[in-house]
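Enquirer: Here are the chains, one letter per residue:
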Amino acid sequence: MSNLAYMDTESLAERGLSTAGIPTNTLPTVNNPDQAFANITRQEYLDYVKNYRGFEEGLLSKAQTDTSLIDQAREDVGTAQGLAGGIASRTASRYGAALTPAQIQQQQLMLQRANTLGGVQSVNDARIAQREANTGLLADLINIGQGVNRSSQSQLGSAAGDAMSRQNAFTQAKAASKAQTYSTIGSLGSMAIMALAF
Amino acid sequence: MGARPKSQDYQASAAEQASASTAMAEYQYFKQKYDPLLQQMRDQSLTADVQSGLRGRAGADTMQALTSAPSYAQTQSATRTGDIAQAYQGQLGVANVAAKDIQNKMQTNVLGTARGQAADAQSGMAQASRLATSEALTRARANQEVAQAKVSAAGQVAGSLLGQGLENMSTRGGTASPNQFSGTFFTPVDAAGNRMSSPGSRLGFSKVFGG
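Residue numbers (my numbering), protein chains in the order written: chain A, 1 to 198; chain B, 1001 to 1211.
It cannot be assumed that every hint is accurate.
Claimed, not checked - Taking lysine-lysine pairs in the DSSO-like style, the calculated list, with each CA pair at most 30 Å apart, reads:
id, chain 1, residue 1, chain 2, residue 2
1, B, K1006, A, K178
2, B, K1033, A, K50
3, A, K50, A, K62
4, B, K1150, A, K174
5, B, K1006, B, K1150
6, B, K1105, A, K50
7, B, K1105, B, K1033
8, A, K174, B, K1006
9, B, K1105, A, K62
10, A, K178, B, K1150
Honestly, the hints are just simulated from the structure, not real lab data.
Turn these sequences into a full structure, and let the hints steer you where they fit.
Expert: Have a look at this one:
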């Protein structure tokens, strides 16, 4: 299947972007980078919500509730016993070994005991491994979330700084304009006074 | 009075336009080429059956180690079957853990990339839109200063004109009333009451050349 089949052409069109193909020798004209940036930022978030939010929440839930390793270890106890019993039976058959009933009973008991002990160990190991896997997954998710959080706060801080700079520039421009106006009026007035005094 | 800023003075420089265009082209390329791949990886991380392969390998390893050299003596052993069962369980457990680790890594890699992608889009385009802005701003500021200087000069000329006009109006000449004349805003009168309207008479009246 072509990669283009996965293209989210609708969201590209919403952003005013060409979906006609990959430009190889021309660059798109960006008349208003500010608006383009705003559109992309907004759309990127919507894309994330559409494509990855459910995935992320699934991972968060899995990191806290997953017991698949333990469940699998429990299932494997029965599988291993059947497999080992089959191997013993086939080997005995291959060599024509005639076991006494007492030997057969003893072998079965040993298999059952070993399988049970092995199963207990397996499940306990699986519990530890499950805890490690879940903790590792949660730590990775927290790292990702913390990175996003850090980036968002930085972005917000930048926006706040820009807003403050704009406000300061506006205030300074107003003050400068007023000062210039008063200076010109003062200059005219002073000339008029000097002339009148003459 | 400050001159009004002109919008053309604040237009993007060529470097800034090229930077924004390049960033937009890269963004489009990414969205068309890599974003679909990342979504494919997301789906694969959820559906890929890594565990079966690893469990099969674990089982094969166990059997190869423990049953590749069968013997009659093995049939008589009471503990061998149990050993095989325990070893098989242990190997399957290792395989399960490895598969889980692979799957978790695949999923967190996808999510990390997706989340990083959003963050990069935020910071990258912001940088692109700020590139070379200082040059444009410097040019705009220079133009603004020139415009303000022009206004200031115009104010000084207007002030001089006003002063001279008032000075002209204050001139008096001629004998006593009713034959005394006053200057107008644009034309002064000399002591004799003559109107200084021609350039020559004005120069003589102003005494600029010592007249």
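Enquirer: None of the hints should be skipped; say for each whether it holds.
Expert: Taking the hints in turn, this is what the structure says about them:
Taking the CA atoms of K1006/B and K178/A, the gap is about 18 Å. The hint holds against a cut of 30 Å. At most 30 Å may separate the alpha-carbon atoms for a hinted pair to count; K1033/B and K50/A meet this at roughly 18 Å. Between the alpha carbons of K50/A and K62/A the distance comes to roughly 20 Å, so the proposed pair stays at or under 30 Å and holds. For the given pair, K1150/B sits about 19 Å from K174/A by alpha-carbon distance, which is consistent with the 30 Å threshold.
Our distance criterion of 30 Å between C-alpha atoms is met by K1006/B and K1150/B, whose separation comes to about 15 Å. Restraint check for K1105/B and K50/A: satisfied, since their Cα atoms lie roughly 22 Å apart, inside the 30 Å limit. Straight-line distance between C-alpha atoms of K1105/B and K1033/B comes to about 23 Å, which keeps the hinted pair within the 30 Å bound. A C-alpha spacing of about 16 Å is found between K174/A and K1006/B, which places the hinted pair at or below 30 Å, so the restraint holds.
For a cut-off of 30 Å, the pair hint linking K1105/B to K62/A stands: about 13 Å separates their Cα positions. Between K178/A and K1150/B the alpha-carbon distance is near 17 Å, which keeps this suggested pair within the 30 Å criterion.
The structure agrees with every numbered hint stated previously.
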